[in-house]
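Protein chains: 2
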Amino acid sequence: MPGSKSTAEQYADYKIKMQKIADVRNALAVLGWDQETYLPEKGAGFRGQQITTLSSIAHELFTAPELETILQGLKGNTTLDPVEQKNIILSTEDFEKNKKYPAAFVAEMSRVTNESYHAWIKARKANDYSIFAPALARMIELKKQETDILGYEGHPYNALLNEYEKGAHTGMLDTIFNEVKTALSPLLTQIEQQPAINKDFLHLHYNRDAQWKFGLALLENMGYDLKAGRQDVSEHPFTTSFNPLDVRVTTRIDENDFGNMTWSCIHEGGHALYEQGLPTEQYGLPCGEATSLGIHESQSRLWENNVGRSLLFWQYHYPRLQQLFPENLGNVSLDAFYKAINKVQPSLIRTEADELTYHFHIMIRYEIEKGLIDGSIDVKDLKHTWNEYYRQYLHVTVPDDVHGVLQDIHWSHGSFGYFPTYSLGSFYAAQFFAAAQKQVPGLDARIAGGDYQPLLEWLRTNVHPFGRFYTSNELCEKVTGKQLVFGEFLTYAKGKYGGIYGF
Amino acid sequence: MPGSKSTAEQYADYKIKMQKIADVRNALAVLGWDQETYLPEKGAGFRGQQITTLSSIAHELFTAPELETILQGLKGNTTLDPVEQKNIILSTEDFEKNKKYPAAFVAEMSRVTNESYHAWIKARKANDYSIFAPALARMIELKKQETDILGYEGHPYNALLNEYEKGAHTGMLDTIFNEVKTALSPLLTQIEQQPAINKDFLHLHYNRDAQWKFGLALLENMGYDLKAGRQDVSEHPFTTSFNPLDVRVTTRIDENDFGNMTWSCIHEGGHALYEQGLPTEQYGLPCGEATSLGIHESQSRLWENNVGRSLLFWQYHYPRLQQLFPENLGNVSLDAFYKAINKVQPSLIRTEADELTYHFHIMIRYEIEKGLIDGSIDVKDLKHTWNEYYRQYLHVTVPDDVHGVLQDIHWSHGSFGYFPTYSLGSFYAAQFFAAAQKQVPGLDARIAGGDYQPLLEWLRTNVHPFGRFYTSNELCEKVTGKQLVFGEFLTYAKGKYGGIYGF
Chain A
1 MPGSKSTAEQ YADYKIKMQK IADVRNALAV LGWDQETYLP EKGAGFRGQQ ITTLSSIAHE
61 LFTAPELETI LQGLKGNTTL DPVEQKNIIL STEDFEKNKK YPAAFVAEMS RVTNESYHAW
121 IKARKANDYS IFAPALARMI ELKKQETDIL GYEGHPYNAL LNEYEKGAHT GMLDTIFNEV
181 KTALSPLLTQ IEQQPAINKD FLHLHYNRDA QWKFGLALLE NMGYDLKAGR QDVSEHPFTT
241 SFNPLDVRVT TRIDENDFGN MTWSCIHEGG HALYEQGLPT EQYGLPCGEA TSLGIHESQS
301 RLWENNVGRS LLFWQYHYPR LQQLFPENLG NVSLDAFYKA INKVQPSLIR TEADELTYHF
361 HIMIRYEIEK GLIDGSIDVK DLKHTWNEYY RQYLHVTVPD DVHGVLQDIH WSHGSFGYFP
421 TYSLGSFYAA QFFAAAQKQV PGLDARIAGG DYQPLLEWLR TNVHPFGRFY TSNELCEKVT
481 GKQLVFGEFL TYAKGKYGGI YGF
Chain B
1 MPGSKSTAEQ YADYKIKMQK IADVRNALAV LGWDQETYLP EKGAGFRGQQ ITTLSSIAHE
61 LFTAPELETI LQGLKGNTTL DPVEQKNIIL STEDFEKNKK YPAAFVAEMS RVTNESYHAW
121 IKARKANDYS IFAPALARMI ELKKQETDIL GYEGHPYNAL LNEYEKGAHT GMLDTIFNEV
181 KTALSPLLTQ IEQQPAINKD FLHLHYNRDA QWKFGLALLE NMGYDLKAGR QDVSEHPFTT
241 SFNPLDVRVT TRIDENDFGN MTWSCIHEGG HALYEQGLPT EQYGLPCGEA TSLGIHESQS
301 RLWENNVGRS LLFWQYHYPR LQQLFPENLG NVSLDAFYKA INKVQPSLIR TEADELTYHF
361 HIMIRYEIEK GLIDGSIDVK DLKHTWNEYY RQYLHVTVPD DVHGVLQDIH WSHGSFGYFP
421 TYSLGSFYAA QFFAAAQKQV PGLDARIAGG DYQPLLEWLR TNVHPFGRFY TSNELCEKVT
481 GKQLVFGEFL TYAKGKYGGI YGF
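For the record, the sequence lines run as chains A and B. For the first sequence, the numbering used here gives the first residue as 1, with consecutive numbering after it. For the second sequence, the numbering used here gives the first residue as 1, with consecutive numbering after it.
No wet-lab data here; the hints were simulated from the structure. Fair warning: there could be bad hints in the mix.
All copies of an identical chain are treated as equivalent in the list; a pair is satisfied when it fits inside any one copy or across any two copies.
Subject to a maximum C-alpha distance of 30 Å in a straight line, what follows is the list of computed DSBU-like cross-link-like pairs (lysine-lysine) [as the list claims (entries may be wrong)]: (1) K17 <-> K100; (2) K15 <-> K42; (3) K227 <-> K122; (4) K100 <-> K166; (5) K42 <-> K86; (6) K17 <-> K99; (7) K17 <-> K42; (8) K227 <-> K213; (9) K122 <-> K380; (10) K17 <-> K97; (11) K478 <-> K494; (12) K125 <-> K227; (13) K494 <-> K339.
Note that the coordinates shown come from a computational prediction; the quantities given were computed from them, not determined experimentally.
Just chain A, with the same shape it has in the complex (with noise of 0.2 Å):
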């Protein structure tokens, strides 16, 4: 009986149930890691089934009574710290999250998110978005369904915005992308104005061990520790933890397109070294998890762009990486350099995007998925309506679905109120950065000089050591002093493309 048991007693229980499924989470990841890195081609099929089997295993272990007793017998226990009454707070409610959820309901979602997900490949396939769109429909009928079990207030689409990021609403997105609608479009006229810059010779020929090679240098000057991490080469880079003190990154490597694998390895390294940040102690528990997807983008965008694409960091690293690449740089200047890496360019894919542009193809999705859960938007006019968007925004004419409405997998996943989180997390890492610039002295010299350590420091005190136990909300607040603005990421962008542009 938990009744007899006390509080610590209690609270050890919780801990260890949490960390079983944690074990059992961290299992599937590994699962997951080999089999975008390593698995041979024959064993997908009994490995999908192993995956869910385990999958099944860790939903019914959160989903067990014993579990519910415990929750309730230490709910509202204020005799446990702040950190731990944090987690019984936060692992109530994920637990009751689960609960709403009918298993007709997961059932049929599972069964659609299958059936779309194979109708966007063939329609991929086919470079025919009539393939993908009935399919698409029955999966925004789920989700509309989706934002009624869980709740909402205010517009429906806050449901499933708050499953990525909490505490986030369509208030707060309207805001920031109407800044970006009114701040960012003349800047990009601004700039369509000034002369092409030229970033041909970003794409000649780079060996691949070079590559390889330079960018594992990267991850460890950046502080990303190997001894707790590795990197290996999957067809999408990604990363992914199984604890603290086992963060994975993967990379792919184009020899054509320098920039592909450099700013990948950066990215990556930003979003491990916040996992690598994530206190072991906590392990399991909700404030050894990363505090929202936005906060976690917001880790992997200060590396690559804050950081990565300035002039400060290069200034550092070009002459290296002229040595290894003599042929292709010897005669490139630093500044034409970083001037190739940062060249705007209104384009159709979002993943190919600038830092710039990658604002309105985001953009972009949150007004036609806001439109689909209200039903302002017809599966129907989909296509038109993103055609549209793509004219209006970047001034580009979408030529078929493939460079249209069919280049992003999110959709077929069930994947609704993901896409603002990349904004966001642009949005934080501006007004982070701006943050750690005011508080550390010499940041910018230690940078041009090739030393991230009190950089990665701050991020380590301030960032990083929280978990769960803030909202992004509020580590934003207590990080920068205030909520999330879009003006630090217009001022940072304004500097930025004015030097570059001369404006």
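Given chain A, put chain B in place with the hints provided.
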């Protein structure tokens, strides 16, 4: 209620439960593989915890009352086909055996295994058996208890032996190892009287990458399916299977010992071909599992020794090897190479022993294990007994404990009854290979031409596809027309070493 279900439905339930357990066990195998190949060093602690959790989940699933009910419902049901009936019989046996262990015993065994493993590590570091002895004594007490828990006929050691080789017993092993003594000892003496063979050229510098490519080519050549497997590097070579379509081998490379990697590749390749040849439709069921350790080892040793150390094998591969390492082997004849790789030399360390003296190492361990379990050898005297046996049978003087009684990890793990399967493997291999030579017309000529397809097909037809449907004895009789006899190995050894040493 199982009673209200049809046989087919009950069997389907059984299969689902068993495959779920297999999924967890195979996930464990992935965690284990990763641990030996790619795990960053700091990740070891949490990985251990994850492995413990999944192990306990697999154990819970396999001891669940629902499974027992299903097994009871299907027991003796003769409407099942013979393979299905055998699966039910074997799963019931496994289940019943599992149930015999009292929880207190399991906990104590886990504690003592941990203690004795660490004592062994410490003793090895200090090169002092007396550090290991007290923990080993405790382990042996538990193993004696285990023989009572499991039950046995004849010698108590049979209980432990049967854990690795069902149907094996001391009567059979006494006979076989007596023949090792009486028939191999004179052969060894005869060899020792011949001029020593030079094998220094095997210890020149052999480039790492060239070795890797050569080993991988051998694996492919043998018929190992690299789309259903892969090779990686680990400290100790091993084979692991997550299902017949994902069977992985590892190897190690020593640039100053050509033999180290090459025959480890062939050896593990033999294990892997067996696992790839198990029936996928029996995944998770006894008839989808390897027959026994002895039969598993027969497959590795058949390829490693009967094939991979034969003159026929190297007639084909040696010119290729010479081309790869012209500086080391350009002036070494095939005959000299063949003799070098088969040089017989009594030595101290089992894992470095040649194909012939190897069995004295095993015989010594077998005699010691039997004596420890029946009390005729005391742990206190073990070091003395060990050294005396080595003097007597291998004519070598053990200089210290690391090169003697502390060399193997097995006893510290509680693996008593395991060693004999190594010798059984060689003897089964000789008997199987002789049968294959009789049954496959022109087999030797095909091997001499580097074509192992007929041999592999024979193994895939006669040895691989049955899993545990037959015991090793039954399989041996089915394949070769008689039970295991030592004579086939002796004939093989006499022919081979007579040729090499010229008598």
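So, going through the hints one by one against the coordinates:
1. K17 <-> K100: Both: 21 Å inside a copy, 28 Å across copies.
2. K15 <-> K42: For K15 and K42, the Cα distance is within 30 Å only across copies (22 Å; inside one copy 38 Å).
3. K227 <-> K122: between (42 Å within a copy, 25 Å between copies)
4. K100 <-> K166: This pair counts as within: shortest intra-copy Cα distance 17 Å, inter-copy 51 Å.
5. K42 <-> K86: Answer is between; shortest inter-copy Cα gap is 28 Å, intra-copy 45 Å.
6. K17 <-> K99: Both: 17 Å inside a chain and 25 Å across chains, each within 30 Å.
7. K17 <-> K42: Result: close only across copies, 24 Å inter versus 35 Å intra.
8. K227 <-> K213: Classified as both: same-chain Cα gap 17 Å, cross-chain 28 Å, threshold 30 Å.
9. K122 <-> K380: within (18 Å within a copy, 71 Å between copies)
10. K17 <-> K97: both (18 Å within a copy, 29 Å between copies)
11. K478 <-> K494: within (26 Å within a copy, 81 Å between copies)
12. K125 <-> K227: between (41 Å within a copy, 25 Å between copies)
13. K494 <-> K339: Result: close within a single copy only, 15 Å intra versus 77 Å inter.
When held up to the earlier numbered hints, the structure conflicts with none and fits them all.
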